[in-house]
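S.K.: Listed below are the residues making up each chain.
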Amino acid sequence: MSPVGCRSYDAAAGPEGQTVSENPEWEKARQALASISKTQSATKTAQANRTTAQAGQFQPAVTESTAIQQQQQQQYYQQWYQQNQQQPYPGYTYPYNYYYPMAPGPVCPPSLPVMDDQSSSYPSQPQPPPPAAPQPPPQSPTSSEQPPPPPPPAIPPPPNSQYPLPPGQNSYNPMPYPNNDPNQMRGYNQGRPSYGQSYQTPNSYQQQQNNNQHQQQGQGQYGPGAGRGEANKNKNHQQQLPQQQQLWHRMKQAPGAGAMKFNIPKRPYVMTNQSFPPGEQPTGLAATPSSPAAAPAAPGGAQTRPQDWPQAMKEYVQRCFTACENEEDKDRTEKGLKEVLQKRLQDGSAYTIDWDREPLPELKAKQSRWEAVPTQRTLESSVGRGGATRGRGGGARLGHYRNVFSQRSPSSSSSGSSSRSPSPSHSRHRDRNGQRHRRRNMDDANSTVLGKKRKGGNAGLDFHDPHREAKKQSRAARFHNTKMRSEPLVLSINNLELPKEDLSWDDCPIVGTCQEITKIYLRLTCAPDPATVRPVSVLRKSLLAVKAHWKTRQDYPYACEQMKSIRQDLTVQGVRTEFTVEVYECHARIALEKGDHAEFNQCQMQLKALYKDNPSENIGEFTAYRLLYYIFTKNSGDITTELVYLTAALRADECVSHALSLRAAWALGNFHRFFQLYRRAPRMASYLIDKFVERERMIALRALFKTFRPDLPVEYVQSSLGFLCLDSCMAFLTGLGVTFFPSDPSKIDCKTSSASLAAS
Amino acid sequence: MAHITINQYLQQVYEAIDNHEGSFCAELLSFKHPHVANPRLQLASPEEKCQQVLEVPYDEMVAAHLRCTYAVSNHDFVEAYKCQTLVVQYPFGISGDYFGYIFSSLPIPEGFDDCRMIFQAEQQLLRKGKGKLGDMLEKAAEQLMGCFRVCASDNRAGIDDSKKWGMLFLINQLFKIYFKINKLHLCKPLIRAIDSSNLKDDYSMAQRVTYKYYVGRKAMFDSDYKPAEEYLSFSFQHCHRSSQRNKRMILIYLLPVKMLLGHMPNHQLLRKYDLMQFADVTKAVSEGNLLLLNEALAKHETFFIRCGIFLILEKLKIITYRNLFKKVYQLLKTHQLPLDAFLVALKMMQVEEVDIDEVQCILANLICEGHIKGYISHQHQKLVVSKANPFPLLSSSS
Chain A
0 MSPVGCRSYD AAAGPEGQTV SENPEWEKAR QALASISKTQ SATKTAQANR
50 TTAQAGQFQP AVTESTAIQQ QQQQQYYQQW YQQNQQQPYP GYTYPYNYYY
100 PMAPGPVCPP SLPVMDDQSS SYPSQPQPPP PAAPQPPPQS PTSSEQPPPP
150 PPPAIPPPPN SQYPLPPGQN SYNPMPYPNN DPNQMRGYNQ GRPSYGQSYQ
200 TPNSYQQQQN NNQHQQQGQG QYGPGAGRGE ANKNKNHQQQ LPQQQQLWHR
250 MKQAPGAGAM KFNIPKRPYV MTNQSFPPGE QPTGLAATPS SPAAAPAAPG
300 GAQTRPQDWP QAMKEYVQRC FTACENEEDK DRTEKGLKEV LQKRLQDGSA
350 YTIDWDREPL PELKAKQSRW EAVPTQRTLE SSVGRGGATR GRGGGARLGH
400 YRNVFSQRSP SSSSSGSSSR SPSPSHSRHR DRNGQRHRRR NMDDANSTVL
450 GKKRKGGNAG LDFHDPHREA KKQSRAARFH NTKMRSEPLV LSINNLELPK
500 EDLSWDDCPI VGTCQEITKI YLRLTCAPDP ATVRPVSVLR KSLLAVKAHW
550 KTRQDYPYAC EQMKSIRQDL TVQGVRTEFT VEVYECHARI ALEKGDHAEF
600 NQCQMQLKAL YKDNPSENIG EFTAYRLLYY IFTKNSGDIT TELVYLTAAL
650 RADECVSHAL SLRAAWALGN FHRFFQLYRR APRMASYLID KFVERERMIA
700 LRALFKTFRP DLPVEYVQSS LGFLCLDSCM AFLTGLGVTF FPSDPSKIDC
750 KTSSASLAAS
Chain B
0 MAHITINQYL QQVYEAIDNH EGSFCAELLS FKHPHVANPR LQLASPEEKC
50 QQVLEVPYDE MVAAHLRCTY AVSNHDFVEA YKCQTLVVQY PFGISGDYFG
100 YIFSSLPIPE GFDDCRMIFQ AEQQLLRKGK GKLGDMLEKA AEQLMGCFRV
150 CASDNRAGID DSKKWGMLFL INQLFKIYFK INKLHLCKPL IRAIDSSNLK
200 DDYSMAQRVT YKYYVGRKAM FDSDYKPAEE YLSFSFQHCH RSSQRNKRMI
250 LIYLLPVKML LGHMPNHQLL RKYDLMQFAD VTKAVSEGNL LLLNEALAKH
300 ETFFIRCGIF LILEKLKIIT YRNLFKKVYQ LLKTHQLPLD AFLVALKMMQ
350 VEEVDIDEVQ CILANLICEG HIKGYISHQH QKLVVSKANP FPLLSSSS
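Chains A and B are the protein sequences, given in the same order. Letter 507 of the first sequence, counting from 1, is numbered 506 in numbering that gives the first Met the number 0, and no numbers are missing. Letter 301 of the second sequence, counting from 1, is numbered 300 in numbering that gives the first Met the number 0, and no numbers are missing.
Hints listed in this document are in silico derivations from the structure and should not be mistaken for laboratory results. Accuracy of the hints is not assured; some may be wrong.
Stated by the list, open to error - Here are a few chain A residues that face chain B, going by a calculated C-beta distance under 10 Å:
| # | residue |
| --- | --- |
| 1 | D637 |
| 2 | F670 |
| 3 | S718 |
Said to hold, decoys possible - A few chain B positions that, by computed beta-carbon distances, are all more than 12 Å from chain A:
| # | residue |
| --- | --- |
| 4 | R148 |
| 5 | N197 |
| 6 | T301 |
| 7 | K332 |
| 8 | V358 |
| 9 | A363 |
To be verified - Once the Cα atoms are required to be at most 20 Å apart in a straight line, the calculated PhoX-like pairs of lysine-lysine come out as:
| # | chain 1 | residue 1 | chain 2 | residue 2 |
| --- | --- | --- | --- | --- |
| 10 | B | K179 | A | K705 |
| 11 | B | K282 | B | K271 |
| 12 | A | K746 | B | K381 |
| 13 | A | K540 | A | K518 |
| 14 | B | K282 | B | K332 |
| 15 | B | K332 | B | K381 |
| 16 | A | K746 | A | K705 |
| 17 | B | K325 | B | K372 |
| 18 | A | K633 | B | K182 |
| 19 | A | K633 | B | K179 |
| 20 | B | K282 | A | K633 |
| 21 | B | K372 | B | K346 |
| 22 | A | K705 | B | K386 |
| 23 | A | K593 | A | K546 |
| 24 | B | K182 | A | K607 |
| 25 | A | K750 | B | K381 |
| 26 | B | K346 | B | K325 |
| 27 | B | K271 | A | K705 |
| 28 | B | K179 | A | K607 |
| 29 | B | K187 | B | K225 |
Just so you know, even glycine gets a beta-carbon here, dropped at the ideal spot from N, CA and C.
Build the full structure now, drawing on both the sequences and the hints.
M.R.: Pasting the structure below:
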């Protein structure tokens, strides 16, 4: 890691509370200048062979900010190209074996040629690769030790740039998304395995850096307001600072004028940003050179200059942040503070109220508004922090994966350039750090390989869609509050309910002890009591008793109730035997005879299931009933299903074959045959046919009246439509308002009857 | 693709989500995609890896999907079904809004693309003696219906982002289930929803073909043959030429409908799609050969019943009667045809127990349906047919 980078960073993040600098921007710009030149010299000495080319690019980057964009790109690609070309340099071994431990030959080897292809094509094609394209993770775990990267990517390309850009949208801009995304924080924390080296411990670093983080997050978060150029991602902290310096340097046109003052007042600075909601400033354009007024500190005017803020208020802000437990809290606090402070500053109450007594309400309020599960959120972010170990430990590879992703996840467009631009210097410096670097490159290599694969399909699209970046930015905005999971993901599939009906009675069989022959049916509302349930032996007697009672008295309500209570006792005890079948068959017949549809259908349903295990001689009978019932409901789908399951043996059954013939006649409108079959219906089939015989008679009559001219004898109607006697036929016909010839009342006047039938 | 590592797979998913390439993402979650056969992705507990790479809703979704591939590879379809239900609930945003958008534009997750899995899961359950037939299907249908409601009620987003693009896909899946469990009446509101949708002509052709196929089948079962022919013809004509199997399936329903409307398929078509079962039927109907028709129907009864078209083909008997009687008329060359002549014809076709009353009945039906123009004089036992065009073209009648 570059000591230069560290030093400059430390300086920038230096102790607070020192004398307020007159021009922090200048100061930073000066630092950036200094650090960049140092970086160059440092890298030169370290790797002269490689940096010669890049140094040339760096220098104009310092002075000529408008051209930087392209140079960054080129630089980046060259860097890559070189890395791949010069494989055996110190501390770097090509890591495929590490990265693809299981990948067989076909997968691994292509990577190298692939990258060669790409890199060789880059110089002639300096466009930003699509996000899916291979790229080193722009945010490296060691970004903190980076020398200040090239200037910020916020600068729009020169007017003659070949990149088509939507107006007002700089496609190279890092996406200024609100940084309340824990992913980022997680990626950030986790992805820095080297904190322990550059700083004492991650924890101490974090404590120490808390304020800085706030600050920089704040800048990132209010990016749209404070200007895109500086609105780098919060995980970019370390790089961001120099970048900002660069930006300010550019904007203020005051390079290095100030003396070396490291005591930049951090806190007030934050508040400068915070006190301006994004909406108040021109978004997107803010950071462009054409609108220098958007420079971070400037826009608010003197009223809100941090230096002018009351000390109590600054302390209040500090308290707010100290109260935060994690990054999200801070983000939230920032938001809340921003609103409050701005209001106070505007109405002047900021100077009058007692800040010491001001409560710190924002945190709670925000939480309750934003989070369904605030506690979980806290957990999440703590995991995020702990993730640092994950990144370093056994799961290191994936941890790095995570890192790669997290950089791009919230706004993939940010990968456009800002996140990529620092990478050349990353790699250069990381070369000395054997393993870390290796891993990172593995990430790179991997993403390169995959990206290449993907690119094959739509590379052209990716490159030529001018609105791609813009679209992506807008889409990415939706995702700014995606979260990482707090706890290990557990698929909760076992909680899904599945059909559980069988849990019912088979699982907890009871045997009744009740000896009563008859029992009143009551719907069960609780677990059955064995004392009130009759065992099968008793139930047999009950069935006989009910049958006898039915035969002698035909008392359907009584019979039905008794049958239901028998059925209930059987169900409760899980009895599914021939006896059960007998009970249901008996009840079905009684219900059919009395036209009790509901009970009949219940019995039929149960019988269908029971027959699977307890074949009864009456299967045919009840199958036929089912078919007839489907004719009644005109359910051709169910009929077809039933036909599928009809075995040859079943088809031969008297009842079934009758039902099938009846169905065929019915389907073809062959009423003559239909009513013949009706009169020959076996067993209780005619009870079922009765349900729809009227309907069929009407249809038939219509056809007859329409067809026969001039007259139709009543006898023919009677015989065709299955009337048992002439009288019932006459009653039916007169009921329909059929007209007869006055001369011969035994003949129907078809023409007039047809009209009256159609009218009715 | 088939042999990528889990990390590569996850990265692809990640990038697909990140780049909002919904259709690619959907592919990666689809069971039609080759990655499901990749043993490296078939993990018993992919949760950790997914969690490490993907953001919150997606990690669970992808983990469930991978677990599902694992379950399928183990032929544990019940487990697979459970996983799959987890997968589906996400894209349609049962909870959140924002990730619903990802899948909104095109890419309805083909995650649930395979009702077969549900069917298999159900059969597995049934084999274990658990559950009732259709239970699981109905559960799945319920869940899909929930998704459908989410989609259908998305009035907020612009047309490009609208989840309404997901409606047709879901409807097609629901159709599959409803046809399977014979609940065709449940299709009605879905059809109405599409009919009233202004997107109905903008859905992808594949989905429209599927949709028309099912709507056509439903119309056929409702005996609305004209619309059925229209839908099924659309489906057949627009079905992708490489989907021969699908074209055959469409034909199985289109042929009977066409025949009922008087259009007979030629041999070439039947041979091309391996539907020679229809050959004899076609021949019998056009010849008015009732005997042959009965034989053909009996011979392929199982096939026809399994396709659910037996009852439709049976109705071809009416057409066959018409063609038979037309021959009688052409032989006798008179407009007053004795009913006995028809009785002789029917007896020649070995119709059992046929009598003069049944002849009158059959004739009455034909006249009533407009296949014969004329009337029956009961007194003279004659059929009096119209002098002009007594047997109108089938395609013009009804």
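S.K.: Hint by hint, note whether the structure agrees.
M.R.: Structure-based check of all given hints:
1. D637: With a minimum Cβ separation of about 6 Å from chain B (threshold 10 Å), the hint on D637(A) holds.
2. F670: With a closest approach of 6 Å, the F670(A) hint holds.
3. S718: 7 Å, holds
4. R148: Its Cβ never comes within 12 Å of chain A, the nearest being 20 Å, so this holds.
5. N197: N197(B) is indeed farther than 12 Å from all Cβ atoms of chain A, at 24 Å.
6. T301: 8 Å, violated
7. K332: Holds: least Cβ distance 22 Å, greater than 12 Å.
8. V358: The claim breaks: V358(B) does not keep its Cβ more than 12 Å from every Cβ of chain A (closest is about 9 Å).
9. A363: 4 Å, violated
10. K179(B) with K705(A): With a Cα-Cα distance of about 40 Å, the restraint between K179(B) and K705(A) is violated, given a limit of 20 Å.
11. K282(B) with K271(B): 17 Å, holds
12. K746(A) with K381(B): 17 Å, holds
13. K540(A) with K518(A): Distance ~12 Å between K540(A) and K518(A) Cα, so the pair holds.
14. K282(B) with K332(B): Distance ~24 Å between K282(B) and K332(B) Cα, so the pair is violated.
15. K332(B) with K381(B): Answer holds: K332(B) to K381(B) is near 14 Å, not above 20 Å.
16. K746(A) with K705(A): Holds, because 15 Å separates the two Cα atoms, which is no more than 20 Å.
17. K325(B) with K372(B): 11 Å, holds
18. K633(A) with K182(B): Judged against 20 Å, a Cα distance of about 13 Å means the pair holds.
19. K633(A) with K179(B): Roughly 18 Å separates the two Cα atoms, so the pair holds.
20. K282(B) with K633(A): Violated. K282(B) to K633(A) sits at ~30 Å, over the 20 Å cutoff.
21. K372(B) with K346(B): Since the Cα atoms of K372(B) and K346(B) sit roughly 23 Å apart, the hinted pair is violated (cutoff 20 Å).
22. K705(A) with K386(B): 19 Å, holds
23. K593(A) with K546(A): Between K593(A) and K546(A) the Cα gap is close to 15 Å, so the pair holds against 20 Å.
24. K182(B) with K607(A): Holds - the C-alpha atoms of K607(A) and K182(B) are around 19 Å apart, at most 20 Å.
25. K750(A) with K381(B): The hint holds at about 18 Å.
26. K346(B) with K325(B): Answer holds: K346(B) to K325(B) is near 16 Å, not above 20 Å.
27. K271(B) with K705(A): 44 Å, violated
28. K179(B) with K607(A): Within the cut-off at roughly 19 Å; holds.
29. K187(B) with K225(B): 18 Å, holds
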